[in-house]
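Protein sequences, first through last, are from chains A and B.
Counting from 1, one number per residue, gives the positions in the first sequence under the numbering used here.
Counting from 1001, one number per residue, gives the positions in the second sequence under the numbering used here.
If you are wondering where the hints come from, they were derived from the structure by calculation, not from laboratory data.
Everything hinted at is true.
Not everything, but these chain A residues come out facing chain B in the computed CB check (under 10 Å):
id : residue
1  : 20
2  : 21
3  : 22
4  : 24
5  : 29
6  : 92
7  : 93
8  : 97
Which chain A residues face chain B? A few, computed with CB under 8 Å, are given here:
id : residue
9  : 17
10 : 96
11 : 98
The beta-carbon is built from N, C-alpha and C at its ideal position, and this holds for glycine as well.
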Amino acid sequence: MLPSYLTMAAILFCIGLYGALVKKNAIVVLLSLELMLNAVNLNLVAFSKYGVVPSLTGQIFSLFTITVAAAEAAIGIAVLIALFRMRGTVNVDEFDKMRR
Amino acid sequence: MDMYSQAAWLIPLFPLAAFLVLTALGRSFRRAGILTGTAGSLAAFVLSMIIAVDRLGGRAVDYNYAFDWIRIGDYTLRIGFEVTNLTAMMLVVVTLVSLLVNIYSAGYMKDDERITVFYGYVALFTFSMLGLVLSDNLLSLYIFWELVGVCSFLLVGFWYAKPKARAAAKKAFIVTRIGDAGLLLGILLLFWYMPDHALDFTTIQSVFDGQSGAITTGITTLIALLIFLGAVGKSGQFPLHVWLPDAMEGPTPISALIHAATMVAAGVFLIARTYDIFLDSAAAMETVAYVGGFTAIFAATIALAQNDIKRILAYSTVSQLGYMMMALGLGSLTGGIFHLFTHAFFKALLFLGAGSIIHAVHTQNIQEMGGLGSKMKVTAWTFAIGALALTGIPPLSGFWSKDLILTVAFETNPLLFVAGLAAAFCTALYMSRLFFLVFTGKPGAAADGAHESPATMTAPLVVLAALAVLAGFIETPWNGWFGSWLSGEAEAAHGSGVAIVASIAVGLIGIYVGWLIYGKRSVSRTAARERLPWLVKLLEKSYYVDELYAAVVVRPLKTIGSLLMVVDEYIIGGIVRLTGIVTASAGRTAARLQNGQVQTYSLTAVIGFVVIIVAIVGRRFWP
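Chain B with its partners taken away, still in its complex shape (with noise of 0.2 Å):
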């Protein structure tokens, strides 16, 4: 029965070659390219599918398989892959989304001339997050966790032409490291006071079962913040959220397979694989239950005033996956893990729905937009259905993972809790807004001539937008069957009445309040700014955090940049230029000696040898 799972170390070499077609193709063979990494990410899908289909009987046990890799002294590092319930359902993720957004970006990228350069990314991408789910040690996570980084850097940054891209991919790129240098310390510590140095996540859950006491409790706290730390960088979690919104500068379908479905939802799955480290530290625990629910509420509320629909996105995503760190912490891993899974769909049906919009408007901007919903039916619908799910309509998947996660806080605190719902009712409401704003009213500005997108891209949304209706159903308030197929164990099914009612209420409240403003209109939309002017710009700049970050972090960094640049200039240069010039001079001194004329040659000659001669005659009178 393991026979599908050994060939699992296939799956990241179907995308890796594509991505190495790619690069040796060059840049003229523009349909081989789309196809060649379509191709790569289909096979991996079709292979990740039958393993995790043949996996569903829940009889398949983790099948692991390591080799030595590097051997110095005693110790001996080994490295390999692992396929766990887990992984295989993460697996089916990546590879299904990759393979939509390849075949959603043929669409959207068909004008580009660096398109063949774009699948190749795409391809690495796709393997880089593989070998990530697939690692079984810590290390190699790790190394696929900084390729990753490398990937959403390049891809954010694929319009280097704009400054803005430019930033952004910067931004991305140095907020994740100090987040990725958190987890290195961790894995450091990790490795320090594990028995044989052991990195394996088999070995990591046998030593922190709760009770071996072999690490001890004060350690096994700062090993997981660290590991969180990490985890934040990459999930984009307060206080680290703020290049998420940034790299939003990249084409679409890359915010909806690296920002949205795949690479920030990394952090979650870091923590879910290692979970067992912060089982066994309950402050970790509750850091990151309160940092996760604390993202949750205050990214909705900075969604809320927006205008940009793929910023909207971005800080959506950034709150769901606060809800995510919310589930982990309190306890709930497959709250956790489900969220992840359903939000990977409608997260990434909203993005390509909202790629769709711009490739009809060409601007992000939502208040220019109106009207669309008559011109791009499709869209419409798909998008309506992920706004739903995103907003926890039942029957829609998002209902159930939601629901799942505020039943547990329910269970377990009250006040996140409390602000798990404000962040839903805040979710109801900008997802309304957005969708209203969008889709009905009066033309907007840049409706004019807006068409429904070309079959390409509306068919990846639709196979999302069933995935979306879909996916929940696999765990319900009377049916735990992902959760004990999860953890393979036998997990009660439980719901809570006040949790389902209430999250509903939230949400349909919500709705109906962003309906009566933008799509009724009986309310003024300008009446929040009238009354509460300083709310208003407050959560339009995103409570100032980057302004907050520029004045404590980045301006004193300059300063002392410039300065360090002035000593190196003057002092370090200095030197390396006087150097140059006192070897220079004397070269030219010298060379003065070599003029070709025997008459100077010889008065050297002669002045030496009656040096020698005052010298050697001199001595007799020194004494």
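Okay, chain A solo, but in the shape it has when bound (with noise of 0.2 Å):
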């Protein structure tokens, strides 16, 4: 069981990675990352209960994860909404200030 959870949260991972790494939209940048997270959280629980010593400290850092991951959305959406107030858009190609 362990390789079809571990090849499913690869494939999340990797739309993640895909969607950070290429989206022009922030808010969609955001919601990859998230996907990256849900990915490495899938793997911490398949772990946890098949893995070579079953555990449930997996689980429990996994709502850890889930917590600190929703803290950061929260962060995230904040600092977006006010780069949108300052530069009036939400894409990333703009976002360039880092260059100067």
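Starting from two chains that each stand alone, build the complex the way the hints lay out.
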């Protein structure tokens, strides 16, 4: 069973990574980040159930991750809104202040 | 009694102080600048005069003071100053001519806006020349030797807006450099072979006493010839004489000071100072004598056909320096130095007189002058005295010194005696040609409005004219005072009736012929040109020596230079440019990565991460 879960998690992570690297809309980028985090959560849960030494710690750890991800999403949205107010756009290509 | 000689080190400091003040003063203080320069050389002259008069009694011993300058291991280089009768005499000559030139320039250079700079250079030159004279060892002499060369360069190129002046300055510097390289090699050789590597003149004198045998004859000859090469460059002897006539592009007072009276005589002074080395080598002495004799006749013939008043005098200087060298080479230190002494006065007089003429008519071509005698009485009379002294008419100073040299030549080397007589005849001819063309006859094209120069210019002429008359009496055939004073040994007065009669005769004949052609005009002036056009052309072109050098030395060097230029431009420069291009394009590529897009950065990071993963995992499958 474990390989199926891991394959599923890997596919999920790759989709998230693709979205984070390629999508132009910042909201979509944030969503893709969540996707990557969830892929990690899936891994943690899978290992806690079917790993070499099954343990509940993995599931508890994934709860923590979900909490942190919620907080991160809130901050991310807040930053995005601030950026939108300043620049009037959520297009990632326009956010190139780091060049200068 | 050495009290005054002890203070001799002060003499060069006066002009040096004047130079520093003048440099600091800037160009705005014209009158103050003139006064400073003149005061510096006046103070130096007064002190030199005191020292020389103090030593006149013949009781003064050589005074030498030296201190440790550089200590390297066991070797100590001492440097200092030395006052002998020879240096005392040179001090007086240098400071006196310098003083008179300073006074003269106040009139001659009056309208030049860089007159303060001019006075500064003159003061620097006077300092260097006095330092050269006072040096007690060859190394410090060499330093000052180069310094006077620099001053000569600066002053020849003083009017640097003129291309010819620039070219002449460069030529003077480069040609004398050949001689200077020889002198440096000679000094290094001497340093190598001398016991304890001593370079001071006292030790040189004791080592080269003819019997110590510390240094073999071959090495002695080599050292002497290398030192002589330095003298050849500085004193304008054949074949390095070419710079001296061109150096006449400088202001005329400079021609009088540097290129007639003092600096060019430094070569003669150098040989006199290291005379013991030459006395140890018969071959070197013969070389000096023949080069000198040849230069005397060679330059005198060129002077016959020149039309530029300063070039005539320049070739005359070369010729007279040849006389001095000839005297030294024939073993007569007295003859060479005595002629240096008298020549300094009458040649400075002639140059300053020429300057006065140029100041009045604004041309240097003697064919355009004429009839100036009635308009410029003081200049004409003093110039006549200088010309007669140069020609060697008794009782003027030039007669006694030239006669001494001819007497020595008559007694030792008949060939050089004949050469000396021929040169004396040419001297008489070209001086009478110069004098009659400039001062007598119909007024020439440029003679309108000519007037006598101001008193600041004529006063030095009168002083020098008096000296040109009187300076010869310190050494006459029946009175060997100067020679014994100079060498410190009683020297028998000698004279030769044949030499005296011959030298007076050729002088008078030369003047008579010159008068017939250019004064009375009973002989056609163009007779020589019609009969022997190739000879006149040869003389006018100075035997094509310049053209020969241009073909043999200058042009090949320029060709090699332009070839090397190509190598430098395309190979060396190409490598340099390539380095620049590679670096710049690498920078541009790297700058493209820095686009401010977070997604690009993370993509790069992911690619890097994948590469690392592939590398780590791939190692398992790689043998």
